[in-house]
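Novice: For chain A, the structure is supplied; the task is to place chains B, C, D, E and F with the ligands on it using the hints.
Listed below are the residues making up each chain.
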Amino acid sequence: MPETSLINESLSLMAIGMGIVFSFLLLLVVLLRAMSWIAGRLSPGLPEASAPSAAVSTGSDAVSASNDELIAVISAAIARYRSSRR
Amino acid sequence: MPETSLINESLSLMAIGMGIVFSFLLLLVVLLRAMSWIAGRLSPGLPEASAPSAAVSTGSDAVSASNDELIAVISAAIARYRSSRR
Amino acid sequence: MPETSLINESLSLMAIGMGIVFSFLLLLVVLLRAMSWIAGRLSPGLPEASAPSAAVSTGSDAVSASNDELIAVISAAIARYRSSRR
Amino acid sequence: MDELLKLWQSMGIANMDWGQALMIAVGCGLVYLAIAKKFEPLLLVPIGFGAILSNIPIAGIGGPDGMIGMVYEVGVETGVFPLLIFMGVGALTDFGALIARPSTLLLGAAAQFGIFATLIGAVALNFIPGFDFTLQDASAIAIIGGADGPTAIFLASRLAPDLLGAIAVAAYSYMALVPIIQPPIMRLLTTKQERVVVMQQLRPVSRLERILFPFVVLLLCALVLPSAAPLIGMLTFGNLLRESGVVERLSRAAQNEIINAVTIMLGLAIGSKLSADKFLTVETLGILVLGALAFSIGTTAGVLMGKIMYRATGGKVNPLIGAAGVSAVPMAARVVNRVGLDENHHNFLLMHAMGPNVAGVIGSAVAAGVLLALTGS
Amino acid sequence: MDELLKLWQSMGIANMDWGQALMIAVGCGLVYLAIAKKFEPLLLVPIGFGAILSNIPIAGIGGPDGMIGMVYEVGVETGVFPLLIFMGVGALTDFGALIARPSTLLLGAAAQFGIFATLIGAVALNFIPGFDFTLQDASAIAIIGGADGPTAIFLASRLAPDLLGAIAVAAYSYMALVPIIQPPIMRLLTTKQERVVVMQQLRPVSRLERILFPFVVLLLCALVLPSAAPLIGMLTFGNLLRESGVVERLSRAAQNEIINAVTIMLGLAIGSKLSADKFLTVETLGILVLGALAFSIGTTAGVLMGKIMYRATGGKVNPLIGAAGVSAVPMAARVVNRVGLDENHHNFLLMHAMGPNVAGVIGSAVAAGVLLALTGS
Amino acid sequence: MDELLKLWQSMGIANMDWGQALMIAVGCGLVYLAIAKKFEPLLLVPIGFGAILSNIPIAGIGGPDGMIGMVYEVGVETGVFPLLIFMGVGALTDFGALIARPSTLLLGAAAQFGIFATLIGAVALNFIPGFDFTLQDASAIAIIGGADGPTAIFLASRLAPDLLGAIAVAAYSYMALVPIIQPPIMRLLTTKQERVVVMQQLRPVSRLERILFPFVVLLLCALVLPSAAPLIGMLTFGNLLRESGVVERLSRAAQNEIINAVTIMLGLAIGSKLSADKFLTVETLGILVLGALAFSIGTTAGVLMGKIMYRATGGKVNPLIGAAGVSAVPMAARVVNRVGLDENHHNFLLMHAMGPNVAGVIGSAVAAGVLLALTGS
Ligand code: NA
Ligand code: NA
Ligand code: NA
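Protein chains in written order, with the UniProt record's numbering: chain A, 1 to 86; chain B, 1 to 86; chain C, 1 to 86; chain D, 1 to 377; chain E, 1 to 377; chain F, 1 to 377.
Next comes chain A alone, as it looks inside the complex (with noise of 0.2 angstroms):
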């Protein structure tokens, strides 16, 4: 019978989707917490947040920095995919 064929079906795919589902989401309480973790260690490092005028103000290091971190991480990034493409 087609339908039992079809039962059996649907029940494999459950145990594989609520296996995938609390996977998912069980590797997701792992990162958050370990996001919330490393927020907690960077915590200091994002203070721009509270001076909003910031880019407008001077040609600050951090600005002039990102520059080059622009550049720099556009280059890398090139290098290594044109190697991996070898």
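One should not assume that every hint holds.
[What the hints assert, rightly or not] Pair ranges (Cβ atoms, derived):
1. D/316 to B/5: 42 to 50 angstroms
2. D/245 to E/282: 29 to 37 angstroms
3. A/41 to F/341: 33 to 41 angstroms
4. D/312 to E/282: 53 to 61 angstroms
5. F/184 to A/40: 36 to 44 angstroms
6. F/248 to E/196: 34 to 42 angstroms
Since the hints were derived computationally from the structure, they do not count as laboratory data.
Remember, it's a predicted structure, so these values are computed and weren't measured experimentally.
Glycine is no exception: its CB is placed at the ideal position from the N, C-alpha and C atoms.
Specialist: What follows is chains B, C, D, E and F with the ligands alone, placed relative to chain A:
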């Protein structure tokens, strides 16, 4: 002359058109009067309107009834539809 | 070398491009000066601006005129267009 | 030199023809009327500017690959934009005065006579050489007499897309001219005794009636005249959002965000139909003349029906309010109010004129449905 | 006479069949429930009215050339509208309670059992003559158990467009019935001792955590379950707009303009799928029954997981909050709060229930991704 | 097991290649710069997140059937989105300072030299192996020097869609870096005596001038450079909505609802062009280097023209305001103000810099028109 036949056509269009517009709006006068009369009767039938938190409040009979109502209404509709198709 | 011809092409593009940009904006300087001069003359010509309810008020000559104006302007435009096509 | 030639050939002056120059002037003229004379600026500013943009040579902004051309295809050719505006009109309109006194619907019906009389006028113009209106064209022109912008645009986009530009311009121009066109007709047709009639105050309308109203209108339309259902449907939907009281967010969206954004796009798109070969024709002059006729006849029919109701009710109805039946909401109602005040400084007819005024919106949507059903392909 | 015949043939009554009349009645019923009973009015008013409009004979408003039909094609068939709503949900949702206590994600996971149990139920219905659900159909029906409207619409539009109307109606109806369905189950499965548990106050959550949260969720989704990435992606994008603090304009647009306009259009479009031949079938009754089942099983599973956590934490977790894991934000959390207050007038569980509540949104998006990956073509 | 294999194969980790992982990192980097460093967050948050979403394997969100891919096709490929943003810019911009002192247009003209110098730089890069820019590519890259986001996106979408992602990122990044790039150049090229010049107060501008302004600009554009008409047209249309004073509703819609919704969609769509094979190339590095060059040369040219005007006017013009000619509204004007204040604590140059600043917007739109006319197919 085609212009003349077009004139005739447009004359009958005018007659029919104004006829329909008048009939439609006349019928609407009647229906709106009926509506207001019925609404006057039912007026206390829509008191939830003044209690915006009704749905969130307790499991009142009003909401409970409408649950059955939902299924009942749709069941009846389906039954009638089915029978009408035979 | 194709690169060199491309360089030449881009050099002439630069010359023409900056030429147009400068001419355009220079022309715009002249036009804006003219505009301001004319606007200074016409200034009392747009007094309705400060009377937002003008259109709703009485059947004033201003609005009445603009009715004729609408038809006159479009008539003139059509006449000229027709004659220009012959 | 090659580039210089290429550049010269790409310039506007080298490519502009008479028609485009004239249409740019017409566009400037419409914007002038909108700003300086307050002619329906919400529509005429975008229409006028759209005409200017679309007649710039080479750029092709109104063409199939240009932005405004694509907006036209997506929003006007499909009929979606006028319907969304009608939804917004529904959400903005208070039908209370109509519900309180349904008999004013007859005034809204009578005023539609302007539409059907203009239909004959348009067909009759064919006797003059240079005019060749089909019945569809004539219907689309006649709807100007409905004094309702989105209805006119919707019908014209369905029956006579080539005339859309001229029809929309005429419709909005004459709506702006209502305060000029109507008062003389109103005074001519009524006696002083009629004009001073003070009407009974309107009864209050319950929330249930307001909620049922859109359903009653829509169901009648569905049963009798489904060709008017898109227009009436969106109008009543917008009104239900307003009156249901439970979807405040959606009602606000229909009254503001959606209608504003659509108005900008609709105006630009209509402007793109103001091209020389479509607009600078004798037909456009015919449309302008017929439009003025339509408004005048509609006003006349409304006032005459007002006089009939004055007689029938033993003098309880002020016949002036019949003039509001052409719609042009809310300007026609304000005109009635003003003419009434001219006779009696304490007679405020505004609320009484709102009934026929909004009835006129329904009436012209019904008339549009009739024309669509009988002349549409 | 010819015109009169043509006109009669163009009338609604001459063309309306039973099915259309009944569906118009169903549409009116939905609007009634939305207005009088406050059943998710933001969606059910447009859905109900869309059903009425689309079942008007001749007019074809829901057909390929009608406005609503075109809106359906552009917004629902492509999946764009539910995704934009999900973006708005993300911008409107405060995930703080979840970040403060990530373990509540397990409650959101457990409650998805309602989805998969319903899947088997739907397939089992095939034993009854008249039912013939494919695995895709069953999956689309099962997602009703996720108690999340846009997720259900997105999945149904992908797996079973024919059932979209019934599924959307069932999903929103049962979300509205959460205050009726859940409390008895919650009381049945818990002891008084469990229900009176007062939970520890949530720790404050830093801005950095709030900003990192969307990335953590999205990256996990990208690595493990890319089929859920459109849903999770737009949800987290909306949330980042909210929490980043630097794009206030865009956050407001996602929370208001965009979501409101899309809700109107989405509702109308779904309503157009309420046609007699698709909706007035025994399958719809099956879907309604299965939907109630799905909610009940989901609630049960959530509460049972709550009891497990109660044991595991030595009584620190009130098992009632497990019921909020079905999502139905924020109604399920409010129901938990109310049932908790019934036992102890000073025990406010609302904030504690928000964690599983928003976890349920992520959980059902994950479940939708699983169903798409495993049964999608 | 079959399902488990199917599932594993549907997972992101099983399908992600290096390029995608790197591009997700780049996307995160852009969002980081936007949030932590306030780099043009309104665009870079959506662009960065769009890059992340579009590089999720399997999901295909940026592909032809994915939501962002469809948004790209509808809004960017057609050019509609940047034009709508330009309309919003027009509605948000006060051109009063420019009308009061039209000569500052020359500063806006000079600063466009950055564009054309970069064009040569881009072509010259072809001598280095690995670079192969066509004249179209070079033009699209050069427009970065215009320091105007929507203009750059519009031109790139027309001339070099493959480079759109890199060009948009470079344009917005350097606009954010204006406060770093400009001051040293400004100080290097000017003497202290020049920097302390206090300028005459601007004369008041009448409403009529403000209303005529968009027409003058547009008509010149139509006559001379119709290829710039879409950009200039929408800019002046938006400005007319603002200044006409009779369409407040539409002006607000252009300034808020429309521009916000479009910005979200445009950003996501641009992000979808940040794919590894298009973005992770040496050409992107070239574009970044050329972009910095373009800004520097533009600033230099603007300041030098400022010095010429300083001489020509006998010291009445502060040459610093020339730097604002690159546009980057309003940041460049603020930078000028700050550098001016550094020299003289009572010399506020902001209003004087707004003239060249908005002139720069017109100037780069004109330059874009020239490039389109001369290199476009
Ligand atoms: Na009317
Ligand atoms: Na859920
Ligand atoms: Na610029």
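Novice: For each hint, tell me whether it holds in the structure or not.
Specialist: Okay, the hints, checked on the actual structure:
| no. | hint | verdict |
| --- | --- | --- |
| 1 | D/316 to B/5: 42 to 50 angstroms | holds (46 angstroms) |
| 2 | D/245 to E/282: 29 to 37 angstroms | holds (36 angstroms) |
| 3 | A/41 to F/341: 33 to 41 angstroms | holds (39 angstroms) |
| 4 | D/312 to E/282: 53 to 61 angstroms | holds (56 angstroms) |
| 5 | F/184 to A/40: 36 to 44 angstroms | holds (39 angstroms) |
| 6 | F/248 to E/196: 34 to 42 angstroms | violated (57 angstroms) |
Going down the numbered hints, you'll see the structure goes against just number 6.
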